[in-house]
Each structure stands twice: as structure tokens, then as C-alpha cells.
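Trainee: Keeping the supplied structure of chain A fixed, place chains B, C and D with the ligands upon it in accordance with the hints.
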Amino acid sequence: MPATAPATASGGAPGGRAASAPLLGREEEPTLFELSHPGRRAWSFRTTGVPEVDLAELVPAEHRRAAPVELAEVSERDLVAHATRLAHRQFAVDLGAYPLGSCTMKYNPKVCDTVAALPGLAGVHPAAPASLTQGWLGLLVELEEVLCEITGMAGATLQPAAGAAGELTGLLLMRAYHESRGSVRTKVIIPDSAHGTNPASVTLGGYQAVTVPSDGRGCVDMAALAAVLDEDVAGIMLTNPNTLGLFEEDIAAIADAVHRVGGLLYYDGANLNAILGVVRPGDMGFDIVHMNLHKTFATPHGGGGPGAGPVAVSERLMPFLPGPRPARVDGGGDEPAYRWVTPARSIGRVHTWHGNTLVLARALAYLLATGGDGLRRVAQIAVLNANWLRRRLAGTYDVPFDRSCMHEVVLSARTLKRDHGVRAVDVAKRLLEEGFHAPTVSFPLIVDEALMVEPTETESPQTLEALAAALERIAAEAVAGGHDALAAYPKGTPVRRVDEARAARTLIPTFDARG
Amino acid sequence: MPATAPATASGGAPGGRAASAPLLGREEEPTLFELSHPGRRAWSFRTTGVPEVDLAELVPAEHRRAAPVELAEVSERDLVAHATRLAHRQFAVDLGAYPLGSCTMKYNPKVCDTVAALPGLAGVHPAAPASLTQGWLGLLVELEEVLCEITGMAGATLQPAAGAAGELTGLLLMRAYHESRGSVRTKVIIPDSAHGTNPASVTLGGYQAVTVPSDGRGCVDMAALAAVLDEDVAGIMLTNPNTLGLFEEDIAAIADAVHRVGGLLYYDGANLNAILGVVRPGDMGFDIVHMNLHKTFATPHGGGGPGAGPVAVSERLMPFLPGPRPARVDGGGDEPAYRWVTPARSIGRVHTWHGNTLVLARALAYLLATGGDGLRRVAQIAVLNANWLRRRLAGTYDVPFDRSCMHEVVLSARTLKRDHGVRAVDVAKRLLEEGFHAPTVSFPLIVDEALMVEPTETESPQTLEALAAALERIAAEAVAGGHDALAAYPKGTPVRRVDEARAARTLIPTFDARG
Amino acid sequence: MASYIPHTDDEVASMLAFLGLGSLDELFAAVPEAVRLQRALELADGVGEPDVLAAMEGYARANRARADRLICFAGGGAYDHEVPSVTPALAGRSEFVTSYTPYQPEVAQGVLQAVFEYQTMVARLAGLPVANASLYDGGSAAVEAANLGVAATGRPTVWVSEGIHPHWRQMLATLAAGTGHRLRTVALADGVTAWPDADDGEPPGVVLVGYPNYLGCLEDLGAARALCDRTGALLVVGADPVAAGLLRSGGAWGADVVVGEGQPFGTPLGFGGPYLGLFACAAAHVRRLPGRLVGETVDVDGRRAYVTTLRAREQDIRREKATSNVCTNQTLMAVTAAIQLGWLGTSGLVEVATRCARATAYARRAVLAVDGVTPFAGAPVLREFAVRLPVAAETVVERMADAGFLAGIALTDAVAGGGAGLLVAVTERRTAREIDAYATALAKAVA
Amino acid sequence: MASYIPHTDDEVASMLAFLGLGSLDELFAAVPEAVRLQRALELADGVGEPDVLAAMEGYARANRARADRLICFAGGGAYDHEVPSVTPALAGRSEFVTSYTPYQPEVAQGVLQAVFEYQTMVARLAGLPVANASLYDGGSAAVEAANLGVAATGRPTVWVSEGIHPHWRQMLATLAAGTGHRLRTVALADGVTAWPDADDGEPPGVVLVGYPNYLGCLEDLGAARALCDRTGALLVVGADPVAAGLLRSGGAWGADVVVGEGQPFGTPLGFGGPYLGLFACAAAHVRRLPGRLVGETVDVDGRRAYVTTLRAREQDIRREKATSNVCTNQTLMAVTAAIQLGWLGTSGLVEVATRCARATAYARRAVLAVDGVTPFAGAPVLREFAVRLPVAAETVVERMADAGFLAGIALTDAVAGGGAGLLVAVTERRTAREIDAYATALAKAVA
Ligand SMILES: Cc1ncc(COP(=O)(O)O)c(C=O)c1O
Ligand SMILES: Cc1ncc(COP(=O)(O)O)c(C=O)c1O
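Chains as they are written, first to last, in the numbering used here: chain A, 1 to 515; chain B, 1001 to 1515; chain C, 2001 to 2447; chain D, 3001 to 3447.
Because the hints were derived from the structure by calculation, they are not lab data. Just so you know, not all the hints are guaranteed correct.
[What the hints assert, rightly or not] BS3-like, lysine-lysine: derived pairs with alpha carbons at most 27 Å apart:
(1) A:K491 - A:K417
(2) A:K491 - B:K1417
(3) C:K2321 - A:K187
(4) B:K1417 - B:K1491
(5) B:K1187 - D:K3321
So that you can see chain A by itself, here it is in the shape it has in the complex (with noise of 0.2 Å):
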């Protein structure tokens, strides 16, 4: 063992710690039009035979710009160095743990870039007719049928790119499904404590959010839901677990409630990775589930994306879903045969083509490689890391609701920060020196001074260990040193802490917006 590593009770080392020492200089990396000259290039075609006819007779010259555009003109070896050093600037799930809470940070299986790149994938074009690209309708169909299978629905659009498209798509669903008995609906209710992009939708669903506290426990308050549940109400968005990493208990009276004004329930999926073959959201009786594929299907978050989050719905709301979407043929041959069709009174459309297909891809592969037993034990271990680490910490940060979480736990140093002056937000960058990246701090906004740890099932118990002494190290170093002790922190990343304030103010969003 490294004099440096903790000794830990188990006896092992920080292996989800990214131990890596700083490499080179401490310069900043020059844009790639800084390190531009004129004239230089990088790029080559196929030789085409093609002639080379004058531009002026194939583009009329007021549509021609007077000037090319200004783009970076570097050399093949300089563009390769710039952006191996900037990556070099950036932490990844591949160096380190990322208990990122609310994002799945877990670990993407590298089979799945083999996957996503093959040529029988991804050289498809996206408008080539079903009878050629049966290969990935049959993949979408196999993706569809386990993921209704895993949430407990009927049917799935996978076309929505993302969490946030596929809630809105979820509430257009659950508007098309009220139109279409002819009732009015307009509003639909949030517990405070949903992730943003919940209320943002629903806007954008045409509805009006209602938003209803939490009680002591963290969950949705009964009595507040009873008071504003009516016939106006379209239905609920929930996270159950919800965004404290707790179960809502009362699942089977919310959706009773729900359901007794007309009301459907949704179930935003972002935490499915909690309950994967323990509990189903069409057993807790809701009607559309979206799921993020990027974080319970591991695959990779691409710095920011890309995602998938596909859509699964109950019976009724089938004839509803977006269209084209893939099916099996019932047909004659041998082999199974896929076409594309459009359900009755589809909402339509809600992707370019076909969604985030080689994302789709990846999810299926490690689908496919975790299997339905593989996929319940994987809710089990993370929620075992979650749990071990609330109890590891539950004596040095705050547990706002310190019983047993599911997936992650969500601490507070709402007391170092009356007792030490020390923040949320310090104990974040305090433990980016530490060699891990930060929870997330500014999420739930219903809990002060929050520091959301979801470890993910891919963590070995000696990272845990690592990460939580760790947090124990800075908890103990802003009781003795208090605010000053952690405002320097973190000092040996790329840039120390970053002007943010500035950044709005003076607003600098492209290179030639510098002063």
C-alpha cells in the first residue's frame, strides 16, 4: 500500500480515486485560434475525379459570401495535442469516483464503443427504408420490449433525446390521453423537492405547475396533496425514489388519490437505477415513465451529453405515443420482420428521426450483458453504498432525513456552516483536491447547504472508504480551521475557483466576444 493511501478497515486501496499527479505546466491551454496561423492545414479528401468547375456557375453570387469563414487553421499534430491536453484538464468517470447526486455517474463498459461503432450501426443513414435497416428496427424493438418489461409498462417511444424531452413528451401523452376523453385539464403537480427541468415541462406541456411540500419524513405531504387535487389536475410528476434518494412510502395512496380525480401519474425515471427488478413504476401504478438512459443504462454522459430517455406508458395511453415507431411483423417468413408504424392518434414526432438510436444502442448492449438478474443486483449494491455511506457519515455531516435512502443519500453541512462559516459548496471544493469529483451541492433546493452523494453501484467498498474519510479529513479540518481553512481550495486543478459572477456579468460566449 502507498504510505499516502488511508489505511482502511478493509484493508484495500482508493481505487476509484483519481490519484494522478499533475504532468506538466501549469499554463493555460491556448484556443485553437490562438495557436491558428494563416494558411495552415490540416484536411484531405478522396481524390473524385470530379470536375472542377468554376464556383461562380454553380452558386449565384448573391447567395455567395464575400469572405470564408474564419475557422482555426492548425496542423493535423497541433489540433491533436490541443485537445489531448485538454483532456488532460478534465476529470471522468474513467480517473476517479464521481458521486454525483441525482446523475448515476457509474461505469461505462467499454464493449459498449465497440458497439456503438460498428459500421452496421453507425454507417446507417436514418432515412433508409425499413427493408434495409431491419437490423435496427429489430435492435429498437428488443430495447422497447425490455425496458417495458423493466418498468412494468406496455409500450415505449424511444425517440425523445433526453430526460427533459422525454418528460415533455410524457405530458404531451397525458394531454393527448385527456383531449381525447374530452376534459380540460390544466394543471399538474410537483413536490418541491423535483429536479428543474419537472416544472420547466410542464410548462411547456401547456399546464400549470403545482408544486406541493415535503413533510418531515422528505416525502410528498399527504395532506397538502389532498388540498389541491381536483378535476383540474392532469397529474403528478414523481422521482420515486424521490430527489432526497427516499422512497415514497405512500406510493399506493398517491396514486389512488391521483387516479380517484381522473389524474395520471408520471414517473420521472431519472433514479430508476434504485429499484431496477425490486419494484416496477407500473406496479406503483404509474402511467408514463421516462427513463435516462445516460445515467441507469450506463451510457456514457459525454461531458454534458448525449442522452435517451425513452418513454414507457400503461395500455391506455399507447395509441397516444410518438410516431413512426418501430414494430414486429406478424409476417410469413422464418425470420421476424420490423416495420415502422404510426399509432392511431400519435402526438407525432418528437425527434428528428429516430432518437438517440446508437445511445439506444450502448443501453441495449449493457442491458444484454446485465440481464434481469444482473439488473436487480445493481439496484441492490448501490443502494448498499448509498446506505453504507450515510451510516459511515451520518456523525460528522448533517442526515436532514437519516433513515435508510436508496441509491443516494443527501447530507447537509448546514452545521458546519452555522458553527465554522464553512459551506456546502467548500466541501466540494475541498474534495476535488482529495483526487474525487464533488456531490452535487446546488440540488435539492429543499435541503440548506445539501452535498447529494450517489456513489453507484460500480464503486468498490475500498473507494467508498477512501471517499469517506476523505469527507471526514475535511470535515475535521473546518471544525479546527473554520471557513479560511477551505477557501483556498482546491489548489492543484487546472484553475482554482472559477469567477462565476464574472462570467455572467461580462458576458464572454465566443472568442471574438474578448475584450
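Mentor: For chains B, C and D with the ligands alone, kept in the frame of chain A given last:
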């Protein structure tokens, strides 16, 4: 321009400098063995349906090991993080300029990675017969032809796996040639500036190495050469330009003299980059040439290999080439066809199979992209870059042989050492802190405190400018502060100056040898 | 089965013991018995990675329309452009691939700076000062532009040129069900939009037009701008970003917002996703900009740094008052585009557009020389064109596949006006020989 | 043409001006006119990367014997083992790929540590305390082992079992022309080496034997060790590193040196290279170890660090007195092997060896059930076996290729003793269905 970038005459930015800054903690990376935890695993295999017969039936007891080989037991997640973090502790061409003299660390085009991964090349078993591997044979024949045209030779073997292997092959060819003529020779002449592989190869080739000194111009001392030339001399090994980066101007006279005593001329092609398309070893009178494809033809060096060291020869040495070798068949069909042939008096095989074939494929791809026209420009710009640096730094460092150099320039810190106690190695270590790899410092042996700088043609004028400015700054620091000013460097690298003596004294060659 | 969970049974047992629990099931005590799944998921057990790969390769093999098997003449926003080895090698680096949205700028300068460079490039392409960090795809960018325009003008009517990609138009219609936008499709005449008089009904808040449009034709953006000036509508141009290498920018034509499909910049065809929604706008609209925005700033030591900015616009802060709900976007495709545009550079973008234009002209002539094939419209085209065929386009596409070509996109009746229309795109990758062979095959296919 | 040179003409001109030169040609003033090339190289001009790729794909297409087309039953040191996506993804990282030999340890800890881990793994596999950082391939490792043994014992005679790979034996012969080693081939009897009595001629300095040997048979290493004890020779074992997962290690059998071909650990077949020469030895020989060696040490701050060590052995310092001339080696393949062995781990190596053994036994039974096919030898085998065919093996290989198989290696007359011998390897990737189909096809091919 970033504030910290050196203001350069040409106004460019430091495109070839690694400006990456430290990302994470400063901790050591544990070994994989320390990350290991019993029972963990990453592997999975095909479902094969092969019956699971008891091992005892398959392997006689006396052959079975008592316990499994103890390797690390880690999750795929930890394996990935470990290797990724190790990569973040490694400088590379892709991160910045690597002006390591004699090593020609030019940019390695990414298209060659694609080539080396083509299933039709990477998936071919080497024992498959020629009838099933026509593509590979054709590729190898084309590469041989290109290399022969570049070197001005009659034929080549592609088998040697690196430069040193090429040298030994060449010496065995030399031996076979002399023996075929009934001539028993014992000595091979080597200049004192020669690379260490040259004398070592001579010994392994069964010859005695005779060293001739360099003269005041850095070239072979013609008088000394004349003194050792006799009928015992099997040949001479030369690098031209030599390892001082200087062209042996007397090459014609040398060739004459050696040939006159019946000796052969061997060309160490490590420095071929300097003369591509300008002058050919064959035209200078050389009989045997090895090339380092991992230098001149841009195949990446892989942290120490693999390389490829083909050997090209003049007509009279053709019958001795290693075999089997790929050859074009003058068949009847439309398509060219290829087969394996073994030359009449072949020295035999020097590689288990056909050479480092995927490296050879990369080299051919590079050669096709660059073309005859491009190769000449490679040499021109490589030489231009080196001379620009020589001229620019001549006032700052000693230039032992201050005349026009070829692709590299040998500087010396001897004045800095004499006057300020600063050695070449101090300059090198200080340069690491600037985000450049160090030049070669321990070679050539005949220059005191050598700093051997080879920029290569792929570094831009802006990078040269930044490199020169850094070397000037370092010299100024040395003059101002002496050895103390530099001794503490590097500071920001993953580790700082390493105790090499201790490594040799207390040998720890494996994890198991640790105390 | 492949497992990505490190825990051994011993470790699980000791963690449970630490928690005072007897089994993993007890972790789920909060889940009411009544709703729990009382059986195993009806899914196959997990299999090893080689078996997974074999299954996925099976799907891949079942696709005939692969660019490595059928020579691609299809476009419609998704193009078979050159993707050099360098682009996936760099964009595929795991630091970019496996990081989250850059919430902690101190350890996310890599993604942030790459996106800043992307924003600069997109803004320059669009001829506008601000571009965001990406949207889902071209269609979603168009939807967001409509939302922005309606909010900015306070007018819910959106005029959409019939030359806008039909799928974009479908998305606009789908999403309008929620926003209540009133869409009006403005028909084409001879390939370009025939704008109605301004006093014809309710004045638009937004006017949306393609450049080139879906049929490849160059629209008269001057007319569109004049319409907007007259009506007070915002002009949104859906621009092909490759064609922008030769064409006047949307900004130069007076567009308020430029949107587009960014797939042509280094992203594989991939059956349609993940792609890249391009979005740039005038400075006046920056506080209504959907999605993320990276800005330059400094750190405590005064070093240049990048950070996501104007966060107050976003859904996580504005919640129900936000004008866009976008959170996860297509950052990796934005990074890919920045690298691809770095590879192209100033001259390369001109080159690729020029090569497309020349190959398109060459192909158009060859195709129109085929008996029975007639032009769809007379307006000038740049890198894509539509033709009418004497045989159903779907049939022709099938026949051409047997000859080794993905012939193009069979236009729907709605677009083609009942005729057998085929939309043909010709990128810089198409050789004269391929085009000649295409025309020959087409002659057979329509015979 | 693709160019990797950044310089513009302007820049070249200004650099020349700085040097006081009028043209690039003047840079070469030192090159005598008489020897200069007075013409352009007779090579085609450079072409763009897409054209390069097309040319290389042309070659690739012309290879029929690809593991993605013919199911591979060939071995002989090069095996079609599982290579998980993770191995090339990690070993292919450009920090590993584009760095030089780690001359500056402060910025090369990545490669150095990976090699240190590799050395540990190889040493454990071999059952010996030291392993080097790699040699070119199995054959070159055998040559170096012979050199070491001769130097250590001072006896130039090397006894080489006929069960050593014939190519290794050819290399030993080639290189012996320089070193003067006297090689004596010791014949096999029923698949294993029939060692002669020690007093039969000159005593050996080195005894070299395969385990399993080229025909797949398990040699009696106890007998080889006894021979060495009797004669004072060093025992060099050429061990299959995958078989080592089940077999007693060379070290356990008393080997002084273990060499092997490391290709099976994550390196593609690649038509034979670059591969990986494994080399491990007893502590007594460490100062004669060929090639590089990485050792652990500390930096000035006392932090653990790695560095190449015992450099005084190497050619750049010892020059003509060096016992090996190796400089560039196969580091990237060593890093690859370390990653692949990390992926396999303790249990995985046992698993892959066990699966090979089972598949081999299954295949051997099926093949020997084919009419006219007879066993080559009776000695036990593990993961490869040889058979005699009723038809020339070359012919059978051709016919089997038409049936979709790379049937194995046709043994040369020298090895097979004039018979039609086929060497068949069966890795963990071969399914029972593939093996059954192979046997069926073989029955037709020999009929
Ligand atoms: C609880 C919750 N809901 C919804 C979302 C939105 O998903 P996406 O970012 O994919 O749009 C997220 C992700 O940030 C989330 O955490
Ligand atoms: C001048 C010279 N000769 C020979 C060699 C040996 O080449 P290799 O390392 O490929 O064996 C080298 C490389 O280090 C060299 O620089």
C-alpha cells in the same frame, strides 16, 4: 494570446508545448496488485457449449500447478481507472514537443491507427498460406519497393523488429557475403560518435569493433580511418548524417577507401529523416542500410517499442537476405500475385514470423500519404527546423560544431557547467517543467554535457520559438542562480528527480521484490 | 455474465453487517410489500461481453443500408461526409466521453474550453454573436427557436416554410400542442417559399425558412427578411452548416436566429442519432437562449477559465418560468464538431462545400440525363437536389439497393405533391465513377 | 496529398531569411553534389488520407485468412484469443502509444509503472524473480536466452529440443552465425524430447525445451532439469503463457530462464507482428538480462517512483561488451499484456487455460474420429495438437478455407517427418458448434 505565453517574433502561440496543468491530487498511483481484492473479476468469455470436463482428465497431475498464478483481481472499472490515471502521468508526442535527439519523435498520423486496426490486416494469422494472404504479401512487396527507391538499394528484408535487429541482420549479411567469397574478416569500423547498438551488434555479428575518432569538424577522422583500414576489415558502420547531426562530407572518399580494402559500407538509417529525397545511401556507396520506421516513417514509438528495422541492400547482397521473403509472381492472371521465396544463400530467418507487420502497414500508409514529393519536403523542413534552433541558440549554449547541421543539433552546456555548475541534465529537468520533453542528454558520448535537440518537421515555427525561449530562460536562470536555481526542478511533474542509483543498488524489479 | 459490480459476497456481507442488516432485501424495507415485484424480471440472464457483441453484430449485419455496403446518396440533413481518423480518436477520449455536465469548472476545463471553441465556431458560421452549447438535433433546435421567437415577440404565430425539413415541421406541430403556438405552413413555388402578403391574416411572431431548403434549393432570404421587417417577426433560418461554407451566413442575411443540424461535422450517420442541434442568435436574445452556454472568466489567480454561465435562464433555477427545459444536451457531438471544424479549418470548410457543390452539379446533370427523370424545381441548388421519377421512388430505392446504392430519400406525397420524388445528396466523398455508375443504375431502375 | 508539416511558405521563407539562406536546397550544402539525388524520387505523389485508407483497405480485402472470415484453428505461438474492448481502449491511449522509451522518469511514470506491473506478472507466470520489459518476439527471446546461457556457462553449445518452434530454431541458427554458438537439435520421440545421455559429445551450456512444445505436447521438464543438473547447463524453457495458467511454472520445474511468445495476451494476430518476447530469469542472471528493466525507487520527496535500471548492462553504455544489442523493444505490447492480464486476473487466466484445454480435448476427439486422421503423438496435450492426414496438409488447408475455416498449420516435412501433418489449436473462443462444423468439413476435405 494567453498572458503567460511567450511573446514570439512570429506572433504564434505555443502549439507544441504541453500547457496542461495538474488535474488532481498529487498522490502515487497504487499498483494494480494493491488495487486487487480477492474474488473480484473483469473477464467474461463466449458461451461455447463445450463440455466442462474435469481438469484432472485433461492435464496429468504432475503437470498441474498447485495454485493459480496470482495476478491482480480487479473490476473492469478499477482497471480502466488505473490505466487512465497512469496515462495521465505520461508525457507523449500527443501532448507536446518531444525534441529528443536521435529519436525523431515526429507526429504520428491517426489514420495509421485506423490502418493497423483494419480487421483484414489485424485479424490475419501469420501461418496462413500465401494463397489466403495475398493482401499482406502485396502490401509488404510494395513497402519493400518504396524503401528501396528511397534508399537507392536493390532489395530489402522487412523482418527485423527494430533498428538494432536490423543492424545485426546487416552484419550477418556482411559476414555471409565475405564468407561466400572465401574471405575471412574480423573487424568492423565504427566512429566514436556511433550509437551504442552499433558496437553491440558488431560483437553479436562475430566481429571486433574498431573505433575511429571524430575530427575537429565532428566527422570521421580520415587519417585515423586510413590507419585502421586493412584486409581484415569487413566493413564500416556509419550514420550519415552522423549522430552529431552533421553530414559526413567525405562520404565518397570513405566509401572508396573501405571498398578498396574489400570492405562493405553499412548505413545506420536512424537519421534517414534528414536526407529523404535529397541523397540516398545507395548513391553514397553504401551496401547495407537499415531504417528505423518508428523514427523516419512516423510509426509511433509506443513508450519503447514496437519498431521496425528493415534492411535494404545492394544487388550483390541480395542472395543472402533473410527468408522467406514476399515476392511478386510473374503469373498469367490479371491481378498481381505474390508468394514466399527464400533467397539462394539466405542467412535465414531473423523474426519469428514476417517482421513487425502491423508497424510495416502503418509505415506504408504514411509513405503513401506523404509521397515522393512530400518526403523531400520532410527532410527539408526537418533540417530547416534544426538549423533555425541552432542559429537561435548559438549565443546561449555552446554549439560544439557550429556549422550547418542536418535534422538535429547538438548543443552543449559545458560553459554553463564550468562557470555556473549547471549540467546538461539540469537544463533538461528544468525544461520538463516548461511543458517540453527534454532533449537527449547522455548521447553522443563524445560531446561533453550534450543537449541533442531534434525538433522534426512536424513542429511549427511557433513551437520552435517557444522552445528556444524556454531554453534561453533556463540559461539565464543558470547564469543568475547557478546550480541551486535549477536543482529543485522539475517541481510540477508526477514525481520529481528520481533516485536512479538507489534503483540499481536495491533492485526492485517486481512488486514481489518490495521490502 | 458480464458484471460491472466490484463487490464480492464477503464485502457485501460485511457492509450489511455494518448496517445491521441481514440481507440485501432489507435495504428495501421502505418499499411497500404490495407494490414490490414478487418475481424475477422476465429477461434473459446476463451474458458475457463476447455474446453481447455477437448479438449486436447480428443486428448490424441485418442492416443492408450501411455506408460500407451501399454507396450513399441520401441526405436530408444527415450526410455521408468524410470523418478523418483524428476526429473520433480525439472526441472519443474517455475524459470527454465519461464526464458529466461541467458542474465543477475547476476539474472540467477540458469540456468547457472545447465547448467555448465550438460556440465560437458556430457563431461564426451563423454570422451571429452567440451560440449555445448544443441542442438535441436540428429539429429540436428549430422548436427552441420558435419558442424563443414567440416569447420575444409575444406573438404565438409561427410561419414555417414548406421547405423546412418535414420532420422538423412534424416536431413543431407536436410540441405546439403544449405551447399553443399557431403554425402556418407557407407553400413552395418552384422550389422556394412563396411568402404571402403580410396583411394576409394574423401577423407572424416567427418566420422559419431553410437555407438551402429541404429540396436543396437556395431560398431568397432577402425576401424573408423583408417580410420580417414588415411584420415585426423574428427571422429564423435553418441553415445547412456545410453549405454555409460557401453561402452568405444567416446573420449576414439578417437572421435573428440560425439553427441547423450539426451531424455533418464529424458525427456518424448512426441511424439518426445522437446528432447535434446548432443554435445561434443575436445578442438581444441571449437571455432567452435555450440550453447551456459557456463563458470565459478567470479563476482566483486571474488565470483564464471557462464556466457555464447565465445559469439563471435555465430550468433548474427558473423552473416553471424557464422558456426551455433542456438539461442534458449533445455536448460530445459539440466537442466532435469543434474537432472536425478544427481539422477542416478555414480552407477546409470552403473545400468541402465546394466539392459538394461540384459533385452535386455533376450528379444532377447525369441524373437528369436519364430518360424519364425530370427536375423538381428550377431554383438553384448547392449540395442536394430533388427529381421526379417515372416510377415510384420507393421502388427505385429498393432496386438501387440491389445495385449497391442508397439512392436518396423517397419524398412523401405531402412533400412531392403526389409525384414520385427523389431527393439526392452528393457529398465530397462521391467520386465521378460512383456518380456515373449511379446514373447508369438509375436508368435501369426507372426503365 | 496529406501533409503533416505545419509550415506555410511564408514561414519557410522567413526562417530561411533568419539563416541567411536563399532556398531550402542551400540547407544541404554539406551534401556533396556528386552523391546528391539529381531527380525526384520515383514514387507516386502523396495522396489524401481517404485515398490512403482505400489503398490499405484494398490490401485488407485481399486477405482471405482473416479471423472475421475464416474461423481460426491455427496456433503455433499465435492464437485467436478473446481481446475485450477494454484492452485496446486502454493500451491504445495516445500517452502510451506516442511516447518514447522512458528516458525522463519524471514524465514517464505511466509507461514505467505499467511495465513494472508487467514485469511482476511475467515473473509470477514464469515462477522466477525477474522479468525484463520485453523483447521482440518469442524467437528473439529464445535467442537472447541462448546468449545469456552461453555467457553464463562459458560453453558455446546449445541443445535445442526439436519441439521448439521451427521458426525459433531457424532464428537460433541464423544468429549463431555471428555468435558462433554450436546448436544441436535433439529429436522428439512420440511427441516429446528424447534427451541423449550427457556424456554423448560436448556438454551443453544451454538446454532449450518447449512447454507445451510446438506439437502441443507436455514435455517432461523433470528430465530436462536432471540433464542440466548432470551437465551444468542452464535450463531454458519456452513456455506457452496461456498454458501456464494451468501448468507448473518453468521456475517450479527448475528453469533458469523462461521465455515465451506474449501475443496471446491481448495482441492481435496481425500477420505475426508486433508481438511480444517474454523473458524471465533467476536472480543470479539479472546482470546478464537482455533488454530494459524497470525498477522501483523514490524521488527526492521520497515518493515511490519507477525508472529503468541496471542500465550499465545495456548496449548504450557497455557498447561492444554488451551481451545484447536490444534497444527499442515491444513496450506497447507489454503494456497491452499487463492490461489484458489485469482483465483476466487470477481466476481469468485459469479460466482461459481451462477453456482452451477443454475445447482442445473436445476438438481432438472430433478430429480423430474423422476417417483417415490419426494422432501424431501419444504424449498428453493441453491446448494444441497435431494429427496426420491422409491428404497433403496444404491441400486440406485450402479446402477448409473454402468451407470457412483456417484449419491449422500445415507442418513442414522437417517437422512432420515427411507425413501430412496438421497442427490444430483451439482457443476459448471456439464454440462446440464451430468445432463440430470443423470436423464435418475436415471429413470432406480429406475424403
Ligand atoms: C431527477 C431528474 N429528472 C430529470 C432529469 C433530466 O434529465 P436530462 O438531463 O437527461 O434531460 C435529471 C437529470 O439531470 C434528473 O436528475
Ligand atoms: C543512431 C541510432 N542507431 C540505432 C538505433 C537503434 O534502433 P532501435 O532502437 O530501433 O533498435 C538508434 C535508436 O535508438 C539510433 O538512434
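Trainee: If a hint holds in the structure, say so; if it does not, say that too.
Mentor: Outcome of the hint check:
At most 27 Å may separate the alpha-carbon atoms for a hinted pair to count; K491 (chain A) and K417 (chain A) meet this at roughly 22 Å. A distance of roughly 36 Å separates the Cα atoms of K491 (chain A) and K1417 (chain B); the hinted pair therefore is violated under the 27 Å criterion. Restraint check for K2321 (chain C) and K187 (chain A): the C-alpha separation of about 15 Å stays at or below 27 Å, so the hint holds. Distance hint between K1417 (chain B) and K1491 (chain B) is fulfilled; the C-alpha atoms sit about 22 Å from each other, no more than 27 Å.
As the CA atoms of K1187 (chain B) and K3321 (chain D) are separated by approximately 15 Å, the hinted pair is consistent with the 27 Å bound.
Of the hints listed earlier, the one the structure fails to meet is number 2.
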